[in-house]
Amino acid sequence: MNPIRPLADIVRNRTAPENPSANAGRSITVRSLSAFYGKHKAIEDIDLDIHPGVVTAIIGPSGCGKSTMIRCINRMHEVIAGAYATGSVLLDGEDIYAPDANPVRMRRRIGMVFQKPNPFPTKTVYENVIAGIRLNLPKMTKAGYDEAVEKSLRSVALWDEVKDKLHSSGASLSGGQQQRLCIARAIAIEPEVLLLDEPCSALDPTATLKIEDLLFELKEAYTIVLVTHNMQQAARASDTTAFFLADERHAGHLIEQGPTQDMFMHPKDQRTEDYISGRLG
Amino acid sequence: MRSRSEDRKFAQRRVRGVVNAGIAVALTVLAVSALFVIVGHIFVNGVGSLNLDFFTKIPKPYGETGGGIAQAILGTLAMLCLAAIIAVPIGVGTAIYIAEIGRGRFAQMVRFAIELLAELPSIVVGVFIWALLVRNITGYSGIAGACALAVIMIPIIARSVEEILKLVPDSLREAALALGTPRWKVVLFIVIPTVLPGMFTGIMLAVARAAGETAPLLLTSLGNAFFNFDMRKPMAAMPLQIYSYAVSPYDDWHKKAWASTLVLIALVAVLSGAVKFFTRRWKHESH
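Protein sequences, first through last, are from chains A and B.
Here this note's numbering is used: the first residue of the first sequence is 114, the next is one more, and so on.
Here this note's numbering is used: the first residue of the second sequence is 965, the next is one more, and so on.
Chain B with its partners taken away, still in its complex shape (with noise of 0.2 Å):
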């Protein structure tokens, strides 16, 4: 038999458990609703721009309606991929050398400088890239962009993988270790192919992250009203041109800025999206 007082201490202790749950739950739907209010906002204001042409001519002149952003576009796919290119050898070995194969001092300092690598402002990578690369040797470039995307992309990187890393058991290491495998073939077969679908997101991330960047650019790629092949020539991108068409004076360009985004924020969609469904088919198939 339980006497009153405990029973009064149950009914309190369900009333803050029922408020506490409440509150939380308030909380989430206040912070993904902020979600879906930037998305709405984006979509609303974005959809009524979208034509074939949006996707596949590059912007009119001054006072004629029409055009799209084909150019920035490409400009930040091929920028995307070079700098994914330079990045991803780069932080994933830096993750395996933290977390693998750095013990003491020296590895620590390495975490270190990833972490405050990451917390650079991307403005500062921007100036960095224009200091080192644009004005003596590239000049304003899509190689010059794409450089700086991947200061940006090496960080994220190198921690999430780094994180996924840690996930794996020390017990997978040490069978392998045990048949006599060197340290370097632990790593490459069996501790990586464990975990390369989460190495493919954390990547994607990085992607993602150095989609939108529009400060590094600003410095680096400068952007292009034009077609460019070339990542030798200034180069356009998204974040640039929703730039400039955001701070224009033409409310044809603030339409075309709205849609800019909305097509940004798909690609990054469709980009992490497909990631994750070749990885997850992947990793059935091993099985």
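Extracted from the complex, chain A is given alone in its bound form (with noise of 0.2 Å):
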């Protein structure tokens, strides 16, 4: 039996938006990208295109370099102390590598969502949703901000888990409920991207699901990249699955980029069908 099949199975049938046009989100081209950590390259020349309105997956095994490539996106992996990028990405079209682009104003508008729950440990669930907004935005009413806390929550599912405890604290919550918080948190200023680096490796199954049915509601309106190591989890929440790989000779590239649907079914690399099936990573 193909050992592929159990996993085709799982690929949700989706239908192409149907105004992609329409969507807020924005696309992004990545052009030769290259990372590194000081001397260490830890990705290298890649080349990969990511569409608006659907979810867009990055697979591989450890240390293949997806969670360089997509802190890369928002250039959050510049923060680490030695740390730099080359190459290109561009965001409709914008290089947010130009020399005059400001990386503070770039992250404004490309969210991003971390492996473990990071709500802020001293900030009530209100505050924390709208933490962005009252350090980056101007200043806001009362009821700019409270519309903006529910809207955020309900968008992700959480304000009717949260609403009579929106002033305790966010630490208080379970940890399926911080990370949709942090989504919350990182929708409520509103980017046109979303970005999230594992965000379900330390949750448990029914909060995973919970996330990817969310995923499915966003990208509606948000751009979403989401780095994955579990493949069910590829399978089931994106549409597009870029499949990234290091070996000894190269640091982390791209292998293949493709519908998820075809991905998971007819590979196109043998490297692609080891990994999927369990014989490689």
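Here are the simulated DSSO-like cross-link-like pairs (lysine-lysine), alpha carbons at most 27 Å apart as the crow flies:
id : chain 1 : residue 1 : chain 2 : residue 2
1  : B       : 1024      : B       : 1197
2  : A       : 264       : B       : 1149
3  : B       : 1149      : A       : 252
4  : A       : 264       : A       : 278
5  : B       : 1130      : A       : 229
Rather than coming from a laboratory, the hints here were simulated on the basis of the structure.
Combine both chains into one complex, guided by the hints.
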């Protein structure tokens, strides 16, 4: 029996977004991107196209540079001492690595959710959601903040669970709730792109499913990039998949990219098939 | 089934465990008892001389009994306040630079310099301030004393605050940076609020240490037997008062030295206790 079958079965049947041009999301075009930690090269010469209105999954074994890749998209890679990137990342044609591009401003447009839920521990649920607005956007009225909190929490399906404890600590929520709170915090500043770096690796299966369902809703409004080491998750939640691999001779690089369904049923590259079927990594 | 030799091995391990734990407990008791002996001895010798006059009056001349150390308590508090006002921004700022902003060689050098400063004998600090300020600019004064204490406090604050900042997980900084927050705002509004109670504790540590310093004050604030509210003039301080009472030939002054020591210890304890209490309450309220 083809070992890929079971995985292909869980790929959701999906329709292309009905009206992609109406989407608020942006396309991302990565061209010859390499990233370094000091002298160590983590990813090498990546060309990748990320489309609006769909979820793009980046999969690959540990150490293949998928997290590095996603952190380059909002220039979070360079906040680590000694880390830098070369090449270009175009956000709707605008190079975020242009010499005059401001990384801080870019990050406002490209939100990010991390592997471990990281709500601000000294802030309440309410303050966590509006943290980005308060820190970086013009002042709002109390009603404006209230509205932003409700809207963001509703769009991550957390409102009903936390509406009675908006003013208790964000750290008092469960892990899955904390992660959805972090997504709410990221979308409260209305970014154009949402990057998720293994957002479910610290969560149980139920919480994972909730987040995956959420991605389905959110992709209408945001361009979504999902890094995951979990192939089932890529199969369930993404429309397009990119497979990364590092070997002895090369730092992490792109092996192939394509619609998730095709990728899981008819991988073009032998290495992709090996990885998907569990013979690699 | 365990074999006989295994049984013996387990018995040996148990004995060794008990012996090790016993040694650790004994050494702990030794360390803690040193503190109790010191505090107990000071209490027994000092408590007899405590009365209202001791806190409200200035010293009486030689040969007369009575009087107090009010001017020294006042001087210590005034100089500690001014020293903290000088040292807290510099110390905290240095810590933030080393832990949050500085990268590479220069930050390393700053850290090394702070370590050297912390290890400087306090009399050297006194000589330094004497040469820098007392000799030509301020003369013996409360201001010079406060500056000397500030030099003592800066490295203690910088090092303890740096340690505390390092405890803040990077995931927190990244969360804020990913929202498009400039680094200075991340430090000011995300990192520092998280560590505020710990920061106060570090500052109190420095204040407590400076409160007991004698050597730097000998050459800077000089001491004063009278009330002095003017920090441009020589100022009394409790450690100086203890020193001059302790080296005097009078029994009554020896007693007062003990009493002053007791008050100094109590002052430091009350100060740090108050800070602990308030930061804990503040922490609860914010939750």
